[in-house]
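Chains S and D, in that order, are what the protein sequence lines are. Anchor point for the first sequence: position 2 equals 2 in the numbering used here, and the numbering is continuous, going up by one each time. In the numbering used here, each number is its position in the second sequence, counted from 1, plus 108.
Just so you know, the hints here were simulated from the structure itself, not pulled from any lab data. Keep in mind the model is a prediction, meaning the values are calculated, not measured. Yeah, the Cβ is synthetic: ideal placement off N, Cα and C, and Gly gets one too. Treat the hints with caution; some may be incorrect.
[Stated by the list, open to error] Below, a list of computed lysine to any residue pairs in the SDA-like style, where the Cα atoms sit at most 20 Å apart:
1) S:Lys54 - D:Val122
2) D:Lys165 - D:Arg117
3) D:Lys165 - S:Lys52
4) S:Lys52 - D:Asp167
5) D:Lys165 - S:Pro65
6) S:Lys3 - D:Arg152
7) S:Lys3 - D:Thr204
8) S:Lys52 - S:Pro65
9) S:Lys3 - D:Val168
[To be verified] Covered, in the sense of this in silico footprint (three residues per stretch, anywhere, with C-beta under 8 Å from a C-beta of chain D), are these stretches of chain S:
10) 10–16
11) 96–106
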Amino acid sequence: LAKTTQPISMDSYEGQEVNITCSHNNIATNDYITWYQQFPSQGPRFIIQGYKTKVTNEVASLFIPADRKSSTLSLPRVSLSDTAVYYCLVYNNNDMRFGAGTRLTVKP
Amino acid sequence: EAQVTQNPRYLITVTGKKLTVTCSQNMNHEYMSWYRQDPGLGLRQIYYSMNVEVTDKGDVPEGYKVSRKEKRNFPLILESPSPNQTSLYFCASSRTSGRAADTQYFGPGTRLTVL
């Protein structure tokens, strides 16, 4: 299983763009890169998933370089409600392993 | 509404008293799993099930049992709970077990306290 490394915490202000980078040097050919968001006392919620290059949805963008050894979750113009823990996972076949995640705090 | 439900949401019990936490999904998902979340340890998988009558151990299965008699239900059983099983528990499901990286849908969580 590819191990992921991401910052423990990040602070931002409302309206700013936030970029959270995840390192996954041992990613396997079949692995997908997936990000989940978790609010306190709630289950994680899927944000975005990609395999290579760039993926964008209504919530975020995911940038993956050609070597796939890292990825960056980009949240445009964050609000207070984006304060949460963000998990980067690298897996296939549902073999998911959650790390400690990145605790994002958005300030007014 | 597509969802994963868990019951109870909160439970306080005593050591040794058998309990069951139910999990149900209405999305016809094949894959279901249980996680526990503890401060500083993140989410750890307890058991998972790839389909009816197929279950397997995750990272921390000791002290837990599961069953998958129907596709929609995946109860977590603590035969003899101990205080170190005090935790926040999440059930999750996804469409298939064979397809790469299917999105998992999580339930609202069950906060268990064992005295």
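Problem - 20 Å Cα cutoff - pair Lys3 (chain S), Arg152 (chain D) - result: 14 Å, holds
Problem - Given coverage of the segment 10–16 of chain S by chain D, tested with a Cβ cutoff of 8 Å and a minimum of 3 residues - result: That given contact is violated, which follows from only 0 residues of the segment 10–16 of chain S lying within Cβ reach (below 8 Å) of chain D.
Problem - Holds or violated: Lys54 (chain S) to Val122 (chain D), with C-alpha atoms at most 20 Å apart - result: 50 Å, violated
Exercise for the section: Would you mind confirming whether the straight-line C-alpha gap from Lys165 (chain D) to Pro65 (chain S) stays at or under 20 Å? Expected result: Violated: Lys165 (chain D) and Pro65 (chain S) sit about 34 Å apart, past 20 Å.
Handout entry: Pairwise hint evaluation, Pro65 (chain S) against Lys52 (chain S), where the allowed Cα distance is 20 Å at most
Key = 7 Å, holds
Exercise for the section: Verify the proposed pairing of Lys165 (chain D) with Lys52 (chain S), using a straight-line Cα cut of 20 Å. Expected result: 31 Å, violated
Practice task
Below or equal to 20 Å on CA atoms is what counts here, so check Lys3 (chain S) against Val168 (chain D).
Solution key: Holds, because 18 Å separates the two Cα atoms, which is no more than 20 Å.
Problem - Restraint status (C-alpha distance of Lys52 (chain S) to Asp167 (chain D) at most 20 Å) - result: Distance of about 29 Å is beyond 20 Å: violated.
Practice task
Would you mind confirming whether the straight-line C-alpha gap from Lys165 (chain D) to Arg117 (chain D) stays at or under 20 Å?
Solution key: Judged against 20 Å, a Cα distance of about 24 Å means the pair is violated.
Exercise for the section: Apply the coverage criterion to the segment 96–106 of chain S and chain D: a residue qualifies when its Cβ sits closer than 8 Å to a Cβ of the chain, and three qualifying residues are needed. Expected result: Satisfied; 6 residues make the cut.
Problem - Pairwise hint evaluation, Thr204 (chain D) against Lys3 (chain S), where the allowed Cα distance is 20 Å at most - result: Violated. Lys3 (chain S) to Thr204 (chain D) sits at ~23 Å, over the 20 Å cutoff.
Checked against the numbered hints above, the structure breaks hints 1, 2, 3, 4, 5, 7, 10 and satisfies the rest.
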